[in-house]
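Q: Letter by letter, the chains look like this.
There are 2 protein chains.
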Amino acid sequence: MGEFDLIKQYFTRNKRLDRSDILLAIGDDCAVTQVPTHHRLAITTDTLVCDTHFLADICPADLAYKAIAVNLSDLAAMGATPRWVSLALTLPKCDHHWLSLFSQGLFQILDEYDVELIGGDTTKGHLSLTITAQGFIPQQQGLFRHQAKVNDLIYVSGYLGDSAAGLDLLLNPKSSECNSAQHYLLQRHLKPTPRIALGKLLLDYSQCAIDISDGLLADLSHILNRSQCSTEIEVDKLPLSQAIQTEYSHSKALNFALTGGEDYELCFTIPENRQTDFENMLKAKQLNCYCIGKITSQSAENIRLLHQGKTIPLPKQIGFDHFR
Amino acid sequence: MGEFDLIKQYFTRNKRLDRSDILLAIGDDCAVTQVPTHHRLAITTDTLVCDTHFLADICPADLAYKAIAVNLSDLAAMGATPRWVSLALTLPKCDHHWLSLFSQGLFQILDEYDVELIGGDTTKGHLSLTITAQGFIPQQQGLFRHQAKVNDLIYVSGYLGDSAAGLDLLLNPKSSECNSAQHYLLQRHLKPTPRIALGKLLLDYSQCAIDISDGLLADLSHILNRSQCSTEIEVDKLPLSQAIQTEYSHSKALNFALTGGEDYELCFTIPENRQTDFENMLKAKQLNCYCIGKITSQSAENIRLLHQGKTIPLPKQIGFDHFR
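In order, the protein sequences belong to chains A and B.
Using full-length UniProt numbering, you'd call the opening residue of the first sequence number 1 and step up by one each time.
Using full-length UniProt numbering, you'd call the opening residue of the second sequence number 1 and step up by one each time.
Next up, chain A with everything else stripped away, as it sits in the complex (with noise of 0.2 Å):
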């Protein structure tokens, strides 16, 4: 089997594409798209390595679910809806249970959130893959990580930590048969949720968001970064899932929510008369999210933790870095 058969049996579909915002799809030198008036285009770009960021016998469908999940979350953080992604997939060779099952994730993913595989790679060469993802952003909107303001409340999506864990647990088994918590925390890394709805719903209320790919400290500080400001946070407030709970100690399990990465929950900013509207929302729509702390003075990029009520240190290690 040739590339051209190996694209055409693995990620061409037969169903009639009913998309006006898609001209041309695989199958050209390019896609040819459009994007809609009034809206601005969002685009991002992954790469996942194996053996750096995920393991070599990892199940190939959750593989190509998580590839296209971290992209999304990453317009999700922008307020964006999801329209289209590349694929460029580097293969040690054309293993069929291996592309079949990673065509099921990958489809799975992308009619999940209603988004459209418009070109990419294939290439032979050490397993890896870089999706790009891009969606639409009505125009003057948007969430940005320079927009956050003196005395804004900050917020996270949902529980912290548990994709750590999740990779602990798949590092270190503690058993040869996981118990649902242990379960339920290796889903949670293997398969994260990118907050698409969430996202789109936040236009209305705040200008700021990141999603938590490195770990919640390392990525507040890219918005304290760019937003010249600092902040305090109640380690009190971190939510943690009942799972870590019991899987870990505190202590751990904290350690976790403020530095594991690949949570992919959104951590944004509400101002401060916002709240009650945006509390509101959520309740109505049955959505939960965490106020963590707020932001402090216009300065410095400084994160203190609070611990009913004192300042406790920073871990020493804030987050995961390349080349580091």
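Please keep in mind that the hints were generated in silico from the structure rather than gathered at the bench.
None of these values were measured; they are calculated from a predicted model.
One should not assume that every hint holds.
[To be verified] Lysine to aspartate or glutamate pairs mimicking DMTMM-like chemistry, simulated, CA-CA at most 25 Å apart: (1) Lys316(B) <-> Asp5(A); (2) Lys316(A) <-> Glu3(B); (3) Lys200(A) <-> Asp21(A); (4) Lys200(B) <-> Asp21(A); (5) Lys316(B) <-> Glu3(A); (6) Lys93(B) <-> Glu3(A).
We have chain A already, so just place chain B on it with the hints.
A: Chain B only, in chain A's frame:
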């Protein structure tokens, strides 16, 4: 040096960005861009993997140049004006000398074509690059593989086979020092020219083009497949450079021209009744293109090679294909 410092040092420029189509480039979860009204967006992705697409000792500036060039060539083949690229770079280590040269080559070609780097990803692993390039096409225009029509003339935009000859010289050097013909062939392999200006001019004359990345016959067969037609190519009309004719036998040169990949010339069709206008435009613009054959019957996806009016056999291997 960590990932963020690396991006800051080598991939962020301090120049003021004076482009109304880019609202936000590197530094947030996504880039945010805008497509002008009455335009469509062409999107292409290409991966270059070390040891598959290039040799490990390649000059990093040449590598960056070529990675961008091959993506811009895909845009040229649609008649698009290139605007933005994202770069996903996977590196085995943080090598400052390498990165500095790479970054120079990258911004050299980006500046040459007025293209902005709007984002990407930097990860650790086996050396490879994935570029996603995007450009604008005026609404109702564009060059597509499926638009070849019976009796259309087939043109190519420049000499064929030079890149394959350059690769051959790189793998099997004839002597320790290059003569000028060898130097030219090497350069055609290392620094191909994306035919952007020609692609845009073609919008008024043609509806069908492809860029020659896999080899003339392989790429032409994509057009025949998508357009459901056949073709006759007169091998005596294939444009061969002085250099390839000096360095190789005629039959070897011809084989490179027919099957060698990576020339990144455009192969396109011109309706018979537009030929005079088209040739006049070429003369006025001092551009050279070469008519090498025509589209014949509406079926079969057949390529017939003619030499002095007689059919000759096709080469056995007609192009490069991963996984075959």
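Q: Mind listing which of the numbered hints don't hold for this structure, in increasing order?
A: When the structure is compared with the hints, only number 6 turns out to be violated.
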